[in-house]
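Visitor: Sequence:
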Amino acid sequence: MYEGKPVLTSSTKGDKKSLLKAWCEYLENSYHAKTKRRSNKVIADNVVFSDITTATVNSILYVEESRVEKGIFNVYLYTNSVSEKTSSQTYTPEEVLKLSSNLENFLSRYQYNYLSGLLQEDSKSLDKSQKSLNKLLIANTKLEKRIERSLRSIAKSQEQVDADKKSIEENKAKVADLQQQINQQRSKILNLEQTRDQKN
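Residue numbers (numbering that gives the first Met the number 0): 0 to 199.
I should point out that these hints are in silico values taken from the structure, not numbers from a laboratory. There could be a bad hint or two in this list.
What the hints assert, rightly or not - Straight-line distance between alpha carbons at most 30 Å, and here's what the computed DSSO-like set of lysine-lysine pairs gives:
1. Lys123 <-> Lys141
2. Lys134 <-> Lys144
3. Lys173 <-> Lys187
4. Lys144 <-> Lys20
5. Lys130 <-> Lys15
6. Lys69 <-> Lys127
7. Lys123 <-> Lys16
8. Lys12 <-> Lys127
9. Lys127 <-> Lys16
10. Lys15 <-> Lys127
11. Lys134 <-> Lys16
12. Lys69 <-> Lys16
13. Lys123 <-> Lys134
14. Lys173 <-> Lys155
15. Lys141 <-> Lys164
16. Lys173 <-> Lys15
17. Lys20 <-> Lys141
18. Lys127 <-> Lys141
19. Lys155 <-> Lys130
20. Lys97 <-> Lys12
21. Lys187 <-> Lys171
22. Lys130 <-> Lys141
23. Lys187 <-> Lys198
24. Lys144 <-> Lys127
25. Lys144 <-> Lys130
26. Lys69 <-> Lys12
27. Lys155 <-> Lys144
28. Lys69 <-> Lys20
29. Lys155 <-> Lys165
30. Lys69 <-> Lys155
31. Lys123 <-> Lys12
32. Lys141 <-> Lys69
All chains should be modelled from the sequences, with the hints used to inform the complete structure.
Guide: Rendered as C-alpha cells:
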C-alpha cells in the first residue's frame, strides 16, 4: 500500500485520530492538499503537496500505534521514487528534505499542543481537586471547632454533675445528722413523758 522508502520515521505522543485530523488541517491550510474520507475518518493518503515553489510531491503518511507504550505513535512518511510507475511527478532531494522537515516540525508542534492540552486538563482537574480539598478542610475545621465547643460543654456539665453529686453527699450527711438529732429528741421526749407519768 505504501510505496517507496520512508523519508521520515518519527515517534510522537498523542492520539492517532487527532493526529490525522491535525495533519489534514495543516495540509489544507498550508498546502491546499486534497484528502480522502473513508468511513467518516479523515485519512492523509496520496496527498498532493503544492509547495510555495514549484515542488509537487506525492506522499503517504502512515501512523501506527506503538505496541510497547500506550499513547505513543510511530509516524512514517513514504515518498514515491522517480522510478515508480505510479509516480507521475519528479522531485529533487532538496524538495523531499523540505517535505520531511515540514512534517517533522508539524509533529513537534502537534506533540507540544497535545501535551499542552493534557497539561491544561490536568491543571483543571488539579484546581477542581484543590477546591474540593479546601472545602473539606474548611468543613473539618468547623467540625473540630464544634467538637471543641461540645467538649467544653461536656466538661462544664461534668463539673456540674460532680458538684451536684458532692452536694447530694453533703445533704445525705446532713440528713443523717438531723435524723439522729430527731431520734435523740424523740427519745428525750419519751423519757420525759414516762417520768411525768410516774410522778402522777
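Visitor: Compare the structure with each hint and give your call.
Guide: Evaluated hints:
1. Annotation: proposed proximity of Lys123 to Lys141 holds, straight-line Cα distance about 27 Å (limit 30 Å).
2. With a CA separation close to 15 Å, the supplied pair Lys134 and Lys144 stays within the 30 Å bound.
3. For the hint pairing Lys173 with Lys187, the CA-to-CA distance comes to about 21 Å; that is within 30 Å, so the pair holds.
4. A C-alpha spacing of about 56 Å is found between Lys144 and Lys20, which places the hinted pair above 30 Å, so the restraint is violated.
5. The hinted pair formed by Lys130 and Lys15 fails the criterion: a straight-line CA distance of about 33 Å is larger than 30 Å.
6. Pair hint Lys69 plus Lys127 holds up; C-alpha atoms about 26 Å apart against a cutoff of 30 Å.
7. The suggested pairing of Lys123 with Lys16 holds, with an alpha-carbon distance near 23 Å, which does not exceed 30 Å.
8. Pair hint Lys12 plus Lys127 holds up; C-alpha atoms about 26 Å apart against a cutoff of 30 Å.
9. Among the hinted pairs, Lys127 with Lys16 is consistent with the structure: their alpha-carbon atoms are about 28 Å apart, no more than 30 Å.
10. Note on Lys15 and Lys127: the hinted pairing holds, with a Cα-Cα distance of about 28 Å set against a maximum of 30 Å.
11. At most 30 Å may separate the alpha-carbon atoms for a hinted pair to count; Lys134 and Lys16 exceed this at roughly 38 Å.
12. With a C-alpha separation of about 14 Å, the suggested pair Lys69 and Lys16 falls inside the 30 Å cut-off, and the hint holds.
13. At most 30 Å may separate the alpha-carbon atoms for a hinted pair to count; Lys123 and Lys134 meet this at roughly 16 Å.
14. With a CA separation close to 27 Å, the supplied pair Lys173 and Lys155 stays within the 30 Å bound.
15. Only pairs whose Cα atoms come within 30 Å are accepted, and Lys141 paired with Lys164 is rejected, the gap being roughly 34 Å.
16. Distance check on the hinted pair: Lys173 and Lys15 sit about 94 Å apart at the alpha-carbon level, beyond 30 Å; violated.
17. Pair hint Lys20 plus Lys141 does not hold up; C-alpha atoms about 51 Å apart against a cutoff of 30 Å.
18. Under the criterion of a C-alpha separation no larger than 30 Å, the hint pairing Lys127 with Lys141 is consistent with the structure, at around 21 Å.
19. Between Lys155 and Lys130 the CA atoms are separated by roughly 37 Å; this puts the pair beyond 30 Å, and the hint is violated.
20. Proposed proximity of Lys97 and Lys12 is supported: the alpha carbons are some 23 Å apart, at most 30 Å.
21. About 24 Å separates the Cα atoms of Lys187 and Lys171, which keeps this hinted pair within 30 Å; it holds.
22. Proposed proximity of Lys130 and Lys141 is supported: the alpha carbons are some 17 Å apart, at most 30 Å.
23. A distance of roughly 17 Å separates the Cα atoms of Lys187 and Lys198; the hinted pair therefore holds under the 30 Å criterion.
24. Under the criterion of a C-alpha separation no larger than 30 Å, the hint pairing Lys144 with Lys127 is consistent with the structure, at around 26 Å.
25. Between Lys144 and Lys130, the direct Cα distance comes to roughly 21 Å. Compliance with the 30 Å bound is thereby established for this hinted pair.
26. Only pairs whose Cα atoms come within 30 Å are accepted, and Lys69 paired with Lys12 is accepted, the gap being roughly 9 Å.
27. About 16 Å separates the Cα atoms of Lys155 and Lys144, which keeps this hinted pair within 30 Å; it holds.
28. A hinted pair counts as satisfied when its Cα atoms are at most 30 Å apart, and Lys69 with Lys20 qualifies at roughly 19 Å.
29. A C-alpha spacing of about 15 Å is found between Lys155 and Lys165, which places the hinted pair at or below 30 Å, so the restraint holds.
30. Proximity of Lys69 to Lys155 is assessed by CA-CA distance (about 63 Å); at most 30 Å being required, the pair is judged violated.
31. Straight-line distance between C-alpha atoms of Lys123 and Lys12 comes to about 21 Å, which keeps the hinted pair within the 30 Å bound.
32. In summary, the hint linking Lys141 to Lys69 is not supported, as the alpha carbons are separated by about 45 Å, beyond the 30 Å threshold.
Comparing the model with each numbered hint stated earlier shows that hints 4, 5, 11, 15, 16, 17, 19, 30, 32 do not hold.
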